[in-house]
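J.: Residue numbers (the working numbering), protein chains in the order written: chain A, 1 to 221; chain B, 1001 to 1373; chain C, 2001 to 2229.
Source of the hints: derived by calculation from the structure; they are not laboratory data.
All C-beta atoms, glycine included, are put in the ideal place defined by N, C-alpha and C.
Some hints here could point you the wrong way.
Partial chain A-side listing against chain C, Cβ under 8 Å, derived [unchecked claim]:
| no. | residue |
| --- | --- |
| 1 | L60 |
| 2 | V62 |
| 3 | I65 |
| 4 | I69 |
| 5 | P70 |
| 6 | L72 |
| 7 | M76 |
| 8 | S153 |
| 9 | I173 |
| 10 | L177 |
| 11 | P182 |
| 12 | I186 |
| 13 | I189 |
| 14 | I192 |
| 15 | A196 |
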Amino acid sequence: MSDGEPLIRWQWIGDHAAELADYTGIHLRLGLLPVLFGLIISVPLGILCHRYRWLYPPVLTVANILYSIPSLALFMIFVRYTGLTERTVMIPLTIYTLSVLVPNVVDGLASVPEPVRLAATAMGFGAIRRVVQVELPIAVPVVIAGVRVAAVSSISLVAVGQLIGQGGLGYYITRGLQLDFPTPIITAIVLIMLLALATDALLVLAQRLLTPWSRNKVTAS
Amino acid sequence: MIRFDAVSKNYPNGTTAVDELSLELAEGGLTVLVGPSGCGKTTTLRMVNRMVEPTAGTVSLRGQDIREVNAPELRRGIGYVIQHAGLFPHRTILDNIATVPLLLGWSRKKARARAAELLELVGLPSEMAKRYPNQLSGGQQQRVGVARALGADPPVLLMDEPFSAVDPIVRAELQAEFIRLQKELHKTIVFVTHDIDEAIKLGDKIAVFRTGGKLAQFDTPERLLADPADDFVADFVGHDRGIRRLSFVNAADVPLRDGPVLAATSPVASARTGDEPWVLVVDDGRRPLGWAAVADLPESGTLADVPLAPLGHTFSLVGDSARAALDSALLSPARLAVGVDAHGAVVGVADAHELSAGTGGTADATRADGGKR
Amino acid sequence: MNDFLNQIRLVGDWLTSSKQWHGDDGIPHRLLEHLTYSGLSLLFAAVIGLTLGLLVGHTGRGAFAVASVANLARAVPTFGLVVLVVTLAGLSTTPVLVALVALAVPPILINTFEGVRGVDPATRDAARGVGMTEWEVLARVEVPMALPLILLGLRVAAIQVVATATVAAYPGLGGLGRFIVDGLSRNDYELVIGGSTVVVVLALVVQVAFTALRRAVVSPGLRVSPSKS
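Pulled out of the complex, with its shape left as it was, chain A reads as follows (with noise of 0.2 Å):
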């Protein structure tokens, strides 16, 4: 950083406002759609595994092992097959969901209390119509404590995808960098932090709205 230039230039702030809010949105969709598609791959798979027990140890085995391979190499392994996309960031930002979201899913629909279970049973729920109306309900608020830590996290490592020209706010960082200049990147933390927690905030809303009976209740972080 060249001496003399101050760690923020609100000015440029104001100049880049359209444009920041242009990335902000890309931002927001390369981070949370692969949240998205995570739930949908994880919702089925977690019950599943939460059913047949034998298939929970190894899918989360591989689940934990993807989820270790750093995003960059990840992104590299998929620029082969989708180029320098959208897709390529989205990708592997899905598949590291799965590491959270499965087991969510699965603690979830462990933490339906037996006798309500046997009660549905009881009732002649048929199998789907009870996993359905009854044990995924009442397993809303420890699948969403899930979804916000993988949004959360999503959300910071979209950034990196700017490696391969698909970074969302990530695109500040790096011109911050090629420039010398703090105030694009310092911007950019700031915006893709403000827009973790409050997509985080935004779901804690969510899970109240969804499951009222828990609303007294301590949720789960």
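Once you've looked at the hints, dock chains B and C against the given chain A.
T.: Just chains B and C now, kept in the frame of chain A:
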């Protein structure tokens, strides 16, 4: 042995857990602290090993103010058993039991040898030594909890609802074993429970607490049942205390009558002479064989040829309590208790009504040891 | 499928070419750099995170602060932080290491804290009741019981450090990320995918190492499922 001198425990939020408690617990005796939730019984117990520090007053152990002893050191000399056993899940059963000896600096070998001894003492098979707590049933865990408390052979044992987390059958089993153990070990035991039956079954003396941490009565079980200090205690010991008290009345004091007793060799006709619906058939040593229903008797022959209804239980005039006599009456098909002497010969019979009427006035009846321990 | 086989062949060629095994640009040197960054930051982070986590977990004081820090830390874009540090402090190892440590502390801290906090109060009560000093309660009961979570925290931190150290090649640091970043700027796909493979292998080794560590140090009593309840 353990002495509470005007001990109070107040919390900053204004609640009083224990209020001006003065109490002296005898050496080698089992004192039960009993009362409803929030009566301060557990707080009182926990003040003995300084898990809770009193706000006023002194607790002393063998004449020494316990505040003069470093808390961990004090605790290593006092056994401690709690409701869910509180075993260390990451340690094997043997190492759980060896905890205190190891804390005291015994060698691992010596501590484990001691632990193996204790495992046997509490009636667990030695192959359990290598297992972990969550591989054991609740009752087994509780036995390990007792064994762990006995680790360094402490003279004092504190037990906080040790048997209340297990089912009634296991609880009765644990209580019986515990009584056997205490007979052997003669520890000074402070035992907290909310269950008055347990208190009466186990205690040499019982301290009844009322809400707000006040001692309502401190007495022997017999006195507590016969002469409750006030309405609270009377209510707490229950409306059926009359029946409970029978446990403390000797069976020998039960009024018996001769009743319809006939030898097996008697002709059937002799059974019909009385107006009793059942006759007790005995052998030539007057030992009871069973009951014969008069209405079902054949036209002729002797009572030996008649099918007999089982006796149920008899009670012995030597060693049994009046409570056993009552059970005997309730379980008999004829609704009559059969009392036998030391040789098993029938002395007489009584029905439930006669039993309670006949023993009701004897508040200071002698203790029936056989019925209790 | 064919393409996949091609890719494997590509990686094979790259890995076996002798120039990858010598000099400053060789795999051994880059791997050593990577392990040094990751190892050092993990070590410092562990010292800080474990100490604080045990302290807060045992005393229960500062629990809210710990939870907030952990929540906030998860939202920090690690890539941005590393780039910012380099922009502000210039390209040298120490500032980047400090950033890596800062990122690795929260998962260790929160998991250690939760592990200790999660010890059944009855067990803790029993530990004090049998005469353990506070130190003994911590060392003989709380730490062994918290080990599964402590190891989880260390594993998450290690994974994050290894990944972030890879990204740190972008602003100019060494390590395995160099292959990927250099390959990208030179349009040398062989280099990119070869470097990625080495990174993946390292990640797997870390994962396996923690699984083995868990097997070795966590008491079987904490693993076995209750046979009766």
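J.: Going back to the hint list, which numbers does this structure go against?
T.: Violated hints (numbers, rising): 1, 2; every other hint is consistent with the structure.
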